[in-house]
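With chain A's structure known, arrange chains B and C on it following the hints.
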Amino acid sequence: MLELVATPFAVVRCLATSERLDRLRVPAAAHACRVASDELILLGPVAAAQELVAACSGLEADGVVIDDTDGFAAWTLSGPAAEEAFARLSAIELPNERPAFVQGAIAGVPGKALAEVERIHVLVSASLGHHLLERVAAACGDLVVSERLAADPIESKRA
Amino acid sequence: MGLRIVCPTCGSRQYTEFWFGGEVPDPGEEEFERVWLRSNTAGLQRERWFHYAGCRRWLTVERDTRTNEIHAVA
Amino acid sequence: MRSLDLEGRAVPIEAGDTIASALHRVGVRIFSRSFRHHRPRGLYCLTGDCPNCLVTVDGEPCVRACVTAARPGHRVVRENAWPSVERDALSVLWQLRLLFPVGFYYKTLLRPRFAWRVAEPLVRRVAGIGTAPLERPPAHREARHHHADVLIAGGGSAGVAAALAAAEEGERVVLADEGGLDERLAASLRSSGNITVLERAAVVGIYEGPLVPVDGEDMLHLVHPARVVVATGAVEQHLPFRGGDLPGVWLGRGAARLVREHGLLPGRRVVFAGATEEGLEHLAVLVAAGVDLAACVVPASLASSVSPGVRVLADGEVVEAHGRSGLSAVVLAAGGRRETIRCDALVLSVGLSPRDGLARQAQGLPVETVGDAGLSQSLPPVASRGFVCLCEDVAAPDLEQAWNEGFRSTELLKRYTTATMGPCQGALCEPHLRAFVRGRAGEGALSARTTARPPVRPIRLEDAAAGVHFAVEQRTALHERHLELGARMEWSGDWKRPESYGDPPAEYWAVRREASVMDVGTLGKILVAGPDATAFVERIYPCRVADLEPGQVRYSLLLNEAGYVFDDGVVCRLDDGYYLTFTSGGAEQAEAWLRDWAETWGLRVHIVNRTHGLGAINVTGPRARAVLETLGAAAVDGDSIPFPSQRRLHVAGVPCLALRLGFTGELSFELHHPRSEGMRLWDALLDAGATPHGLEALRLLRLEKGHILVGQDTDFDSTPAKLDLPWAVRMDKPDFVGKPALERIGGISLTQRLVRLAFDSAAPPEGALLIAGSRRAGYVTSSRFSPVLGHGVALGWLRRQDDSFPDAVVADGTSGRVVAEAFYDPTGSRLRA
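Chains as they are written, first to last, in this note's numbering: chain A, 263 to 421; chain B, 2 to 75; chain C, 544 to 1376.
Pulled out of the complex, with its shape left as it was, chain A reads as follows:
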């Protein structure tokens, strides 16, 4: 059983030296995903975009903080079959611990995935959002039950 959920994420990209990123205080409502030693993205509820940007203001001195929510399309694979669906979309091996962040080829395009329990959020470039949908429909047609819009994506972070 699989549900495909359109997930409104806020995505804030932070570029700074590795030491500064290590010391960043990440807001409780967001996941901090280390893209590279000098780049980190914060994933949070879309309504909190401004808050997240503000939380990183300390980096702006000689770094860059950008609200790049528009740059990504995000869909969530939700349900007991989420991992089965992911295995059909990507050769990336998800680590055992949750939540886990991975990046690499997903559905044949560069993507990022945040894996929670029975939910895997997949982000691709905004210009490829439709492509991810098509691939899920094609590869997981026998698993998909329904699609819906989500109100709040970061359930695992709700206090």
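Think of the hints as simulated: they come from the structure by calculation, not from any bench.
Don't take every hint at face value.
Part of the chain C face toward chain B, derived, beta carbon under 7 Å [stated by the list, open to error]:
id : residue
1  : Glu-751
2  : Gly-752
3  : Glu-1104
4  : Ala-1105
5  : Ala-1135
6  : Arg-1138
7  : Asp-1139
8  : Glu-1142
9  : Pro-1283
Built from N, CA and C at the ideal position, the CB exists for glycine as well.
Just chains B and C now, with coordinates in the frame of chain A:
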């Protein structure tokens, strides 16, 4: 088909997630040699790969061109 | 009643039937005609190793009938015969075999010259097995990745034992078998945890990684194991002798399986020839089933194990088999005497050949072999008659002929005769091929194993393409809008872009006379910031950049280390960094290239790719300014935003970075905005009276200004000088990418230049040769008829002739001349408005 490169940030990935960036030139080489001449070593070669599907950073890889064994990734 | 259709005839199906057993039950004995000689072939191995039972099922060729379950409604057609397999007119090829020796296509039909042209279509029609189902669209199969510690190929007793042992050690196990697992073995696997079983899934090959594709019924399984265990077992050894390929000759396992699993007899009167313990078990099965055992050929040591009452020829051998379309008698020799025995089935169990192709192809990878697949290959005696390779119809005399022609090793014989290259991939024939060479050349490199390569089991191309068969299409935020407006979309690199909205000439005139908009959201857009940003961009670009103030922009070429132009774009100076644009096709590579140089030079910069997060719409035309003012944009007059420059504006409430550039040759504002506001901005612009234009109109507009398109007008080795853009390079800068190369070649006078050409009347086609003074002088790269000027305009490469470049050319019959400036509005007054 399955050559794997271990990206320091992202982990072990198939080579198809990367773009090949050529041999690392020797430091002493002149422009002409650097741009046009390849050593094409049969053996350990230092080369550059760009992880375009993942972190989008460059790696320097040491690969044995005879066996495709990767010895080091930085 | 459940039945399948065999060439129009209904054949009943019983529980557990394969297509082969169902056909055998109703008396079908000829299953196919052999590849080259069209000899009748029947069931032989019943394990999916030989080519004899390949049939077409529901339009799909080369299905192994002996391992494919029969389903009601299957339409089965036997292959490689005309008009029918029972009466094949092409069996005359066997009579004519002296005309078609091994390698005949290298030797025959060479003279007269027309002979091959006539013969080739016929040869092609006759050659091959089965017909590819080209009318039906390929199925789009999906792939599923598995991550495991060990992949076990083969679900027999050795494979299952290895699986259980690995699971006990805590390993994640994937076990794959091309058929179904024995029920007991399957149950023991289920009770142990962490074992994924893939049934009816053939391991296709072992690739670097290791990566093991497993061809399942519904999808392709791509297994990424840390190690592989090959447990594919062995096939009974094939025995070549004259007539040995007739229907009615069986391998022991095949005959026994027919009896045990399907309750059918291979024949009424059976001769058995065996040399193994296993063979005796098969013999016992046959005897218990009630066949009339005419004779039994076994080594003397096993003679006592044969049931009493059976006629035994100890230490005998099979000499030949007789029959026309099926076996009718065999000739046996024992104790110096020969005897002809009437029979309709000959069952052979003379040895085992390990199925070790998978292990041998995976050299250097962590692969181990267990069970019969690891048996050491003991070579059989050299065959003097009969078919060595059943798949490719290579007989023992063919090997001899090839040897006499000079092909004297297993590899050369393989390539010349094609033995071992058929569906069995050497499982049945390679030992005989090697034995033949060893008999001539002794032990050594010449009789070495042939190279094993994937696939070891046939795989359809559509299955091999599973999970990678799709094209990736990038779309801007305005994609739906373009479709609603009736746009014809075309590929532009990885993007889909509007070629036109139905009337390219009208779109063109809208830009020249009114106000028009174009979706340029596909442009590469990269933000560069950080302490060393200025030093960085100054070294990246060949022009001067460090002197730009915030609000200024500069068009620039991008050069590689060889000094060749590979992209172009715009540099905008922001308050705290630089905003760089690149062509749509070059966006992705640009980021990689910038990062490479930043790292090489050790500069502290932050590079952010904004290509997808930002859209861009170009508002262009004499009335462009009026449209923006209607939408509330403040200060868009020529003093506030001069040409060229950039300013932040709000248009229809959408925050934009407006770039005043001049690609189309008219007053233009390229509005870069957040992607999520794209549709709102676009809708507002159309409401304010702007009309959309597509790529076709753009190609003409820019050509009238003589602007290049990198990749169309440039070649891989186009330097700025060759492109007539020397102002784009500042050689007095201390360093930039490509400077050393340009210095080195700077002294060499140009032999080629990109020039603007004005043609008298029509525009020549793109690619047309340029002729000057009756000599070839170059070719046209871009060409269109200019509506506003009334004649053809083009860009093209021109070669120097003798000491100078020609200034008059002819292309495709039209005269043209080289023009120094832009064709349209050379002073640029319109775009500087």
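Checklist entry - Any hints this thing doesn't respect? Which numbers, in order? => result Checked against the structure, no hint fails, so every one of them is satisfied.
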